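J.: Here's the letter readout for the chains.
Protein chains: 2
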Amino acid sequence: MLTMLVNPEIKELIKTRKYSELKEILIDWDPTDIADLILNLDEEERALLFRLLPKELAADVFEYLDYDTQIDLIRSMSHERIAELLNEMSPDDRTALFEEMPPNVVKQMINYLTPEERKIAQQLLGYPEDSVGRLMTPDYIAIRENWTVQETLDYIRKYGHDKETLSILYVVDDKGKLIDDIKIRDFLLAPLDTRVSELMDGNFVSLKVNDDQETAIEVFKKYDRIALPVTDSSGALVGIVTVDDVLDVAEEETTEDIHKSAAVEALEEPYPDTPIMDMIKKRAVWLSILFIGEMFTATAMGFFEHEISQAVVLALFLPLIISSGGNSGSQASTLIIRALALNEITLKDWLYVFRREIITGLMLGVILAIIGFIRITVWEYAGYSYGEHWILLAFTVACSIIGVVAWGSLMGSMLPFIMKKLGFDPATSSAPFVATLVDVTGIIIYFTVAHLMLSGTLLP
Amino acid sequence: MLTMLVNPEIKELIKTRKYSELKEILIDWDPTDIADLILNLDEEERALLFRLLPKELAADVFEYLDYDTQIDLIRSMSHERIAELLNEMSPDDRTALFEEMPPNVVKQMINYLTPEERKIAQQLLGYPEDSVGRLMTPDYIAIRENWTVQETLDYIRKYGHDKETLSILYVVDDKGKLIDDIKIRDFLLAPLDTRVSELMDGNFVSLKVNDDQETAIEVFKKYDRIALPVTDSSGALVGIVTVDDVLDVAEEETTEDIHKSAAVEALEEPYPDTPIMDMIKKRAVWLSILFIGEMFTATAMGFFEHEISQAVVLALFLPLIISSGGNSGSQASTLIIRALALNEITLKDWLYVFRREIITGLMLGVILAIIGFIRITVWEYAGYSYGEHWILLAFTVACSIIGVVAWGSLMGSMLPFIMKKLGFDPATSSAPFVATLVDVTGIIIYFTVAHLMLSGTLLP
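Going line by line, the protein sequences match chains A and B.
For the first sequence, numbering that gives the first Met the number 0 begins at 0 and goes up steadily by one.
For the second sequence, numbering that gives the first Met the number 0 begins at 0 and goes up steadily by one.
Hints should not be assumed to be uniformly reliable.
In silico contact screen, one side only, chain B against chain A (beta carbon under 8 Å); selected entries [said to hold, decoys possible]:
#1 LEU187
#2 ARG355
#3 ILE442
Straight-line distance between alpha carbons at most 30 Å, and here's what the computed BS3-like set of lysine-lysine pairs gives [to be verified]:
#4 LYS220(A) - LYS347(B)
#5 LYS281(A) - LYS347(B)
#6 LYS14(B) - LYS221(A)
#7 LYS54(B) - LYS220(A)
#8 LYS10(A) - LYS347(B)
#9 LYS221(B) - LYS22(A)
#10 LYS162(A) - LYS182(B)
#11 LYS221(B) - LYS207(A)
#12 LYS162(A) - LYS118(B)
#13 LYS220(B) - LYS220(A)
#14 LYS14(A) - LYS17(B)
#15 LYS182(A) - LYS22(B)
#16 LYS280(A) - LYS347(B)
#17 LYS182(A) - LYS221(B)
Keep in mind the hints are simulated off the structure, nothing from the lab.
Source: prediction; values computed, not measured.
Glycine residues also receive a C-beta, built at the ideal position from the N, C-alpha and C atoms.
In isolation and in its complexed conformation, chain A is listed as follows (with noise of 0.2 Å):
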């Protein structure tokens, strides 16, 4: 918002190469504004603003850039920065940039390093991707049972100036174990000469280093903090994850099951950044299983080949009526998906969904079967004849449509919960997926209605 309207301004200094000023207004901006503005130049440019940042705004800054500026602006900096720039990125956001680069690359930045530094790395990027240790940071404030709040806040004002957030302090006792959590808040509202041990409660929330990073989006998702510690299998606190880095994961996460929902695996990178031979293999996967699935059709159309010839024109409703058993899948499906997600539903209440969706089917496939049977009517009476026995043939195509819709629903809402029980992602179930086996069966269907109705007339 800010950089909307300074942005010519900024650029003028750029050009005029008025760099002490450009520095003197850049100093007071959000890093977030920083970051964004150097989005909106040219390489050239953003090497050169970066390289007027003191080092701690450039790191913070650093650390909001995409991968590939990253990169870009690590390749134009000397030796010398580059180091200065890795020592001083918050722990977490290094690994979440080493974890990006080619090994060989990360070795050599690692060489960067202080040795404190560079054993903080080594120990981050030693637990398993996807873990909470690779979203962690090991600059928190630990503090004792018998301090004072006193004691506590000159402790902070002393060594709390690179820690990663001030908001929440965490007990340990003398072997390094965490006993309790304690709000920041606390200290600020507490008489002064109060203990530590006065303020805890010996109820805290924590995470373990080895912990799937979707538990740690759970339990922040429960438990409303900012930041959570991380203990070792002892019990030991050995660093904290901060929320936006968990929202981070979220977004992605996200991002997957909407792709998957379309029956595309999970790309890795933004659309633009995923090469394109890789884009055709995500989507390639799913589409041909499910090219597979659909060859059914053609095995089932097989079956009733001789009614199609006898009556081609019951070819002619074939897509409106499979479809529209596709689409109400679609919707049940994803509802269905979404709520188990968001746990608005569990297992348990299959029977409960299977009673309301068969409701629900069977009253939206009325509703479409009328405008299906008035618009064959219509367009019998405006003249395009679908023969002597069309009001026989709307019937069919009425009756049909009642019974896919409603199958269609059916199938929708419970294969997310047959995929769940099964040990599967409901989101597996996804609309394309459900649109191929209720084609399969639509088709089936359809053609069942359409002898059992048309046999003597139409069929002879």
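Position chain B against the provided structure of chain A, taking the given hints into account.
T.: Here is chain B on its own, set in the frame of chain A:
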């Protein structure tokens, strides 16, 4: 996590009516855990347990419960207790509760409030629905620029108890105008005799009280803040919005987007809480629109009735071909809608996407065409006869698949851009919507290819 372990023990304490013991345990619990426990009890136990909680904790727990449970509890309470609870709640959570209640109940509830709280509640409810004002709480800490750090910390210790957050302090001038926001971190790290004015950078991000809630989500995402100040049109500080409330709104919006992706009108309530008639209405609207769109398939098929009657075998592969187009279209539209939502691509990238999707679509088409060709060949040799011209038929199917899949990718990727350009939500071009469009065009592509390739052989 904690709840699961202690639950049987707690149940036992409730059953044996050991209330003072129960109370002793609960006051150390996290409000979210107590809320969880309450949801797992039956109605009578809920009321009983809730009555045990001290009023401050009761209000905290109450804020984590869903609306239906909140109402049940209120029904079980005395007027005095309701008054106590409502006065103790955070103004923002209270607004959220009032928003759900019928207007006459809200009126009654507002009468329970003290004159001071009543004024706050009425003011917050006065802001438009979906505006930032409705998410706001006036419980913030405002300070003056001539104070010292010591004075500020003393002030917090005295007046901070009922404030929503102490993480960020707001500097206002003598007219109440917001002039800066400063993190508590800066106060914790600065020498005690530092003046507030020395900590100020004059750079802050704020929301306007009438801003849309979506704007608030965007700003929170960009600036990684725990809370943001809200000002009126004159720039005076009137409240703050905290990130937890914004995250709730963001989750609702994601759900809306996901529902839209399957052509369901956004539900206002969770799946199990939506009355079945509402559910049918929400689904019937789009289902009917899609159905009417899909009717064009019957019209398109009508044009080719003659071809079908001459070569019924053509109809067998129709569902397979059109569904492949629908599936590749769904993939493309979902990828593009999400990439647009995350600002990975913007409107001006349409040509880049256009080129990419033509190539991707053609490649995917070729892959499926090969599978389709093999399928027909295998069936032919396995004894299922597609007639003497089967190899021409196989080529017709294969070429149609390439055309339809490429066309599907292109339509799917371009529709979100078109929607956005026209001022609609790109998410409107949902997978079923794209599939319907591709079905109609797919039929035309298939029979046109058939006409070109089979004239003089299968088609006389």
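J.: Kindly indicate which numbered hints from before are broken by the structure, ordering the numbers from low to high.
T.: 4, 12 and 14
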